[in-house]
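Visitor: Each chain, letter by letter, is given below.
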Amino acid sequence: MSHAAHRFGTVEELRSDYNLLVKPYKALDDVDGKTKEEAIDKTEAMADIAFENGAVNLGRRSGCIGRGDDFRDIMKWRSLQGFFAAFSDKEKLKKVLKEYKKRDYGISVVAGGLIEEIFAMCREIGIKPHTILYSFGVWGRTELLPSEDHLKITTLCGHHMVSPAMIDHYVDLIRKEKISVEAASRKLAGPCVCGIFNTDRTAAVLTRMAGR
Amino acid sequence: MIIDRETCIGCGECVFTCTVAAIRQADEKAAIDREMCVECGNCLRIAECPTGALQQDELVWPRVVRKYFSDNQQPWPKELCFSTGYGRGTDECKTNDRSGRFQRGQVGVMIEVGRPGVSASFRDVEKVLQALIKADVEFEEKTPLTALMKDKGKGILRDDIRDERVLSCIIEAKIKKEDLEKTIGIVKQVATEIDTVFSFGLVTRLEEGFQSPLEPVFNAMGIHPRPNAKINLGLGKPIFEA
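Keeping their order, the protein sequence lines are chains A and B.
When you line the first sequence up against numbering that gives the first Met the number 0, it's residues 0 to 211, in that order.
When you line the second sequence up against numbering that gives the first Met the number 0, it's residues 0 to 241, in that order.
Simulated from the structure, these hints should not be mistaken for laboratory data.
Quick caveat, the model's predicted, so the values are computed rather than measured.
Where hints are given, some of them may not hold.
Some, not all, of what chain B presents toward chain A, calculated at C-beta under 8 Å [claimed, not checked]: (1) Thr16; (2) Gln188; (3) Gly233.
Virtual Cβ for every residue (Gly too), placed ideally from N, Cα, C.
Work the whole structure out from these sequences, hints included.
Guide: Next comes the structure, spelled out in structure tokens:
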């Protein structure tokens, strides 16, 4: 689970945080060499569209642009793993989805973010969403969780590889003016290779935490 | 993961990288709490230990299970036959338009035990599994967790992994829509019985594009999903039809 449904934040904050997942389905896309190559080509074309339309992060196991990896290098990996991307501007995501709909690639596409906003863009483009994964938040011993601000950053990583202590470390460095907010945000994207980590949102939370 | 005390200079560069706060400074050296360490490998990748004191020791069964679940860079070994490739779960709703994993009248139950960031022992995972059995769930076959069950019908895990800890572990199951209310009640109850947290999600197919068949149940129970969700847009082809 990429945990994309469980990102913390207020509705206002979530208005600037959307994510995208393009995912081939191995049972249909890995049946023979030709089909596999075609699915990989389509995935690459879809990644190009997301990149060209202003994804703030995009990646897969081979790296992510949010931490400074080169997009072309990331996409050199010929794999059916698909890719993740993050957007801060819903209009940019809408452009991407419009293009996907027009080009009709036939690869599964998942969008994460505010339900009302995603549904609105789907209506506008003419997309009928198929399946939804609702989040009911965190249950159990919630007193063990770090602060809301920490969670607004840690839940941006699909595998929870960004530690609360790492956030505190960079907040401290920002306060001491040893690193910029933007550079700290890229550092925090480092452990999250998938590319779903929104560096813009992270910068906004870091700015507040550092009292700047 | 281990830290060689002879070569550690106590710079602290690894301490803040730990996803579960298992690395501490003690006597001017870094030390790992091996019980809490989930073998995610984050410290080794991020910390740039200047003396090479931080090392990945050879992990053997059952401790290596920690790594398979917690380190997203670590593939599941094919010979163990758990192979979902990498990670903690399946494609769940991601490819549902093409796979038909969740069909009309079914609800997907997604419980990620230990998430976000608290970590979990398999004893807690087992408590949740055994609670879900009472809701007549059907556990997803292709998850690593299902492969580690000794008795799927009773939600019992292999004895040798029960004391291991992981960053998180995904329970994926399906129920009939008519069992949703009962299931949510069971999930609420087990949340009070575990020593960790879990993120809780439910999956459903949408009707006519935008209508959720689960909303009447949510409204009747007075529980409401968060405003953000993960949505399969139905752009895959061919669309699976039962």
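Visitor: All hints, please: hold or fail.
Guide: Okay, the hints, checked on the actual structure:
1. Given hint, Thr16/B at the interface with chain A, holds; its Cβ is 6 Å from that chain's nearest Cβ, closer than 8 Å.
2. At its closest, the beta carbon of Gln188/B sits 10 Å from a beta carbon of chain A; the interface hint therefore is violated under the 8 Å criterion.
3. About 3 Å separates the beta-carbon of Gly233/B from the nearest beta-carbon of chain A, less than 8 Å, and the hint is met.
When each numbered hint is compared with the structure, a violation occurs for hint 2 only.
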